[in-house]
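There are 2 protein chains.
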Amino acid sequence: MKIGGLWKKFPVHYVFGANTDVGKTIFSTALLRHLANENSLYIKPISTGDLNEADDGHVNRYVSQINSHCLSQLSTPCSPHLALQLESKVRDTTEEPHVNDQVVLSKLNDTLHSHISKVRTGYGLIETAGGVLSPTLNGSLQADLYRSMRFPAILVGDARLGGLSATISSLESLKSRGFDVDAIAMFTSPDDPYKNAEYLPQYLKGVLGETKVISIPSSLPPPRGLDTDIRDELEMMDNYYFRLTDSGAFGEIQEIIDTNHAERVSTLDSIPERALSSVWYPFSQHREITRDTITTIDSAYGDFFATAKPNEESMLRPSFDGSASWWTQSLGHGDHQLAQTAAYAAGRYGHVIFANTAHEPAVKLAETILDYSQNPRLSKCFYTDNGSTGTEVAVKMALNAYIKRKKSESSKPREIGILGLKGSYHGDTIGCLDMSEPSIYNEKVPWYTGRGHWLDYPTVAMRDGKWTVSVPESLKSELGCCEQSFDSLTDVFAIRNNKKYREYIEKEVKRLLDSGREFGAVMMEPVILGAGGMNLVDPEFQRALVDVARNSDIFKETHVDSDTTWSGLPVIYDEVFTGLYRLGTFTAAQLLQVFPDISVHAKILTGGILPMSVTLASESIYDSFLSDSKADALLHGHSYTAHPIGCSVAINTLGRLKTMEQDSEGPWAPFKQDWKSSKVTETWSCWSEDLLNHVSASEKISGAFAIGSVLAITFKDESGGGYASTASVELQKYLAKGQGADDWNVHARVLGNVLYLMASQSSKPQELEAIQQRVRTYFQ
Amino acid sequence: MKIGGLWKKFPVHYVFGANTDVGKTIFSTALLRHLANENSLYIKPISTGDLNEADDGHVNRYVSQINSHCLSQLSTPCSPHLALQLESKVRDTTEEPHVNDQVVLSKLNDTLHSHISKVRTGYGLIETAGGVLSPTLNGSLQADLYRSMRFPAILVGDARLGGLSATISSLESLKSRGFDVDAIAMFTSPDDPYKNAEYLPQYLKGVLGETKVISIPSSLPPPRGLDTDIRDELEMMDNYYFRLTDSGAFGEIQEIIDTNHAERVSTLDSIPERALSSVWYPFSQHREITRDTITTIDSAYGDFFATAKPNEESMLRPSFDGSASWWTQSLGHGDHQLAQTAAYAAGRYGHVIFANTAHEPAVKLAETILDYSQNPRLSKCFYTDNGSTGTEVAVKMALNAYIKRKKSESSKPREIGILGLKGSYHGDTIGCLDMSEPSIYNEKVPWYTGRGHWLDYPTVAMRDGKWTVSVPESLKSELGCCEQSFDSLTDVFAIRNNKKYREYIEKEVKRLLDSGREFGAVMMEPVILGAGGMNLVDPEFQRALVDVARNSDIFKETHVDSDTTWSGLPVIYDEVFTGLYRLGTFTAAQLLQVFPDISVHAKILTGGILPMSVTLASESIYDSFLSDSKADALLHGHSYTAHPIGCSVAINTLGRLKTMEQDSEGPWAPFKQDWKSSKVTETWSCWSEDLLNHVSASEKISGAFAIGSVLAITFKDESGGGYASTASVELQKYLAKGQGADDWNVHARVLGNVLYLMASQSSKPQELEAIQQRVRTYFQ
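First to last, the sequence lines map onto chains C and G.
Residue 186 in the working numbering sits at position 186 of the first sequence, and the numbers go up by one each step.
Residue 1550 in the working numbering sits at position 770 of the second sequence, and the numbers go up by one each step.
One chain only, chain C, in its complex shape:
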């Protein structure tokens, strides 16, 4: 929950080095002398080397009235990770017993906040150790450690032979971690033969954004000799700094700092207004939006946004990304591996056409996702750009397969519908809208034509501390009205062979068929219906529906006895939301233990950084498009089909998630431990079962559940719930209030009378606990 910050009158910068010994401390000292501001702050978070010659000591000696802090120091002059291993005793400047990266970050955060809230105006410099990617105390890299606190940077360049490569490379490493680099400062003596500072601006022009290059016309001072008299040394250095700050270079640097800072502040302030004037928001009634209701996101890291507080001096706060950014996040924001993987694919291919061509990432991703799916029915992977296009392709596949096998010449293709569940939602394109019954999402869209029938179903939630299956009013006469309780969520998912469900579904569908309706596919979101209101469906009901489609006599014309060929009706699972470990398993189908003929995936697929979708299908579906005519083929394909960047980040994402699943001591272990009452680890959540107990006891609540990284709390709502309900808004507002030293809050989304929280697949227990604590407090 550390995000750096932006204070209106107190610019803070990192000082990074393109190498060791390029003059970071000399630069910082000279800049602080030039700024001559008694409120300025110098912080050296991690220092190694001679204790008497520590960088903060140097700064203290040569800058009058400076607030300087060294947050950890080791005496061995080498990389911090090595020094920490070597030294039996670490000089911890605040006497804390264990110094490590996280302690240093906390101290840095505290030091900045407490100093700046006191003095309000001034400048802050944070001098890093070594080069931009030198190791930290615990063996991370400087730039990675400091990334969560995304202050802008000044890079001290390397003027030596080879220094251009080091400087540009360092700049690229900082930029690819999302840092803004305001300036490159380089010490260059008058007789410098390499002229690196002359070359750089030419190269950088337009290449890496707004990074200015400032040449400081001086060599670095000679290292202090052992036999130098301390007074001589003081005088010599004092003179050196006088000459340095005389040069005008530091005036230029101050101007860059001031200008860029003013621009950051005014940009952050202006964004809501500018957004209102040029942006048309998705899913939004613009009449309800004002500049005050728009949350400006300055950056994001892990599970947190850095969001704007426009009217305060401290302009940024950490906000927990409570919707996993519309259900896309799994590895957290600002993940450097994904950024690097995307850059590699962009560098190697950009995008290349994917029609009768092949590239390795597309083939490898297809193989990987088919393999991980462990669904014996699936054998082919079709690429599109997002969940909507992926489900449209799924329906095109299923209906074509159905029509080909049915060979019903008389059937009107337009009137063959989908058999689904009430409240299903499959995407925003018109074909997707047609897959659902009328609702607020589609009823005003001119071309909308609901094509199918959607059954009501029993739902699962914890109610008053008990896992309960409840039958909706509409089905009570058919299914009985008793609620059924279970000891654990795992028990809910156990196969129960509920004959009533099967009989009801068969009867209902037969009635529809007899009235002249025709269906060409079963389509559903397995386990949870997401956008329709976060409904956890009784898994037994979904199993019964598939069983009717595959085995009932009512579909005997298209029945086939097989475990891999579709039978009766092709079964489509829209796993765009539920798949890829969102619910704790690779697919939600694995929770149901009943597998589809077609499966659609997106969102998490690409690590939460850019859109792509895959529609997986069985050989029997694929075969139905084979013929001697091109007109019979699946004539669908977007320009960016299987773009290598998407395929590459997807491979990286799925591989890392798989590793997490397999690692019994990995990041999911504490969560699985917490849910051990579920007996097996198949159903678990990163949200605690105990929280559900607590919440579900509230009178305001009709039920709550958690599975995987999803937590859903359903409020009682006399208006009957649904999208237009506002029963959950009070909790949403409560969570949006700032709290704690950092004034952090929770950015949560509601769906009618449901408030949900969604973590990533790499969320940390202690961070989630802080959020759970706030939810508990609300329900006290």
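Not one of these hints is a red herring.
Think about it this way: if two alpha-carbon atoms lie no more than 25 Å apart in a straight line, the pair counts; the simulated SDA-like pairs of lysine to any residue are:
1) K1192/G - R414/C
2) K992/G - C78/C
3) K1202/G - D632/C
4) K1192/G - P438/C
5) K205/C - N918/G
6) K212/C - R1436/G
Heads up, incomplete: computed chain G residues facing chain C, CB under 7 Å, no partners named:
7) L1150
8) E1172
9) G1211
10) H1416
Simulated coverage check for chain C against chain G, where a stretch passes if three residues somewhere in it have a Cβ under 8 Å from a Cβ of chain G:
11) 159 to 167
12) 284 to 290
13) 348 to 360
14) 383 to 392
15) 413 to 422
Think of the hints as simulated: they come from the structure by calculation, not from any bench.
All figures in this text were calculated on a predicted structure; none of them were measured in a lab.
For every residue, glycine included, the Cβ atom is placed at its ideal position computed from N, Cα and C.
Here the structure of chain C is known, so what remains is to put chain G in place on it, guided by the hints.
Quick look at chain G alone, frame taken from chain C:
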């Protein structure tokens, strides 16, 4: 047209350095000694420093039977770009007058091909100069210069203090340019205090792919003293190398080289087979696909793919990307600025939810594209993921605005259609299919319902050397049958106030309205109908259609007198293909000089690397969704709406294209010069007008045109043309044949009887000329 290469029995590697003086030459020498292969090849493309101590000299001295080449040498021991400036005379080893980067690349290409085709087996090392990003002769960077020839790399790491930062940073710079780095080799003396080579593998594990770290247990040799006897030196170095190659490190390196090479070869061989077994291709009748018809793309750079020749010893060839990868490319493949921009956005944000939130890239892109569009009607930007979703949103917008103003309670929204042009194509989702008349693309899709009417129209092409407007058979009775000739393409675009067109359209639409039809929007691809067959529509006809919609009495119920508010029917331009300089101007609307109320953009938008789309709309369209009810809003939005990576690369792309447009001496200057007969520079093409003259004179051809980066050649086809025609396949096959020393070919796409070629917006005249030469030859 240089792409490196992959020879079955001759692995070639770059040797890059994490800094200068890390031992690239010592490493290369020792490795070549270890390999002990008389066919091996050592190339130093650019060398600076003492002529007597040049790296190739060193290699020659200490490796017996080596083929070594230095391709350019400068004596000043500094960066090549500086040395070239400083030295009056350059020792060009092949006596060529002007040594520069391109000459060096050509020599490198030639040296490799001629050597390897002679010896067939062996190893190749190309030693770069300085660090990975040290400048080249002309002030590019080492890694950028060599990127077009994408050989795998070995990075010699830096074992010194600070060397970890330099090494990891260098690795990242190589990877983000699409290089594979097989190994990092690092010289480490036994008493090395920094242990960089121990830390690296821990860090790299899983982070940056398959890069292995090899520690070479030795310091670098001392630099040669001035007074050292040459025989002492020889003996000392020889002993040094004996010790070095004894260590086993070079055995490990050879194993890595051999293993990775074998894997590269087998991957390239296996991809078609693997693709067939796991991939379902877009727009493809799989019965027509075999492993031999799949083109494997190993990488891409500029306008060229590196494609596989699986059965040959030289496994890769350059293939001109003749479809601009399905019309997406504008800045060429493997563009490092785009890769870096994407990485920055991924590092700063990943993706962040865009519902009542705002981030700078989304706001800035909206402002930029609205500004550049110079369309006074447009004021709002709605984000979706691709052209299909963008046009669906456009139709939702237009029909809603129409219905709201019409206030016709009785109108059935499902029956309000689109007024468009025959052969229109707007995307693959079912709603998009509904926007076009029945065709091969949609007629077999079960839910397809053509919703509208599509008019036939006169077309433009060069026929027998004359720019000609031709009226189709169906309209001859209405519009007259005469072909009209023009002196230039610019004249074709001049406003002609053709009353016949207007009268015909008005009459035809009135007839439809009278028969009970209702239309809610005009929708068309301005200037060129792309997927429908690359038809260049007479611009006057499109202007007339808009004029009828806006000003005719037949739409007087919804007429408004205004230059910015939509009138009659909202006008949608689908500029997904035509916009963003594809036709030479920012929008095709600028060519028509008549502007839409809604405009859709995608493809080029994101620099050809990943999907995103914007739908731009006027305030009057936007206003029609405002109300006090959320149900009236545009309830459309994908999870990755306005993803920051897409917005960021789009801003970079549009900015650079704008700079090209404004630069009268920039990359478009020679093309505009070539088209000067057009008098103004509004209509021009990177394909030469002279080529059109030549091609259009052929008896096989019914017409040809070029505009912007598009060249379209329509073959006479007795079957009437269309998607099923194969008249153009002969030229496609001719272009696919390998030619020249590099065996390069052209990967062209056909649309029925039309073969088109599409360059990028940054194509180079000399490369296009080579391709044009082949087209000319075909038509000789």
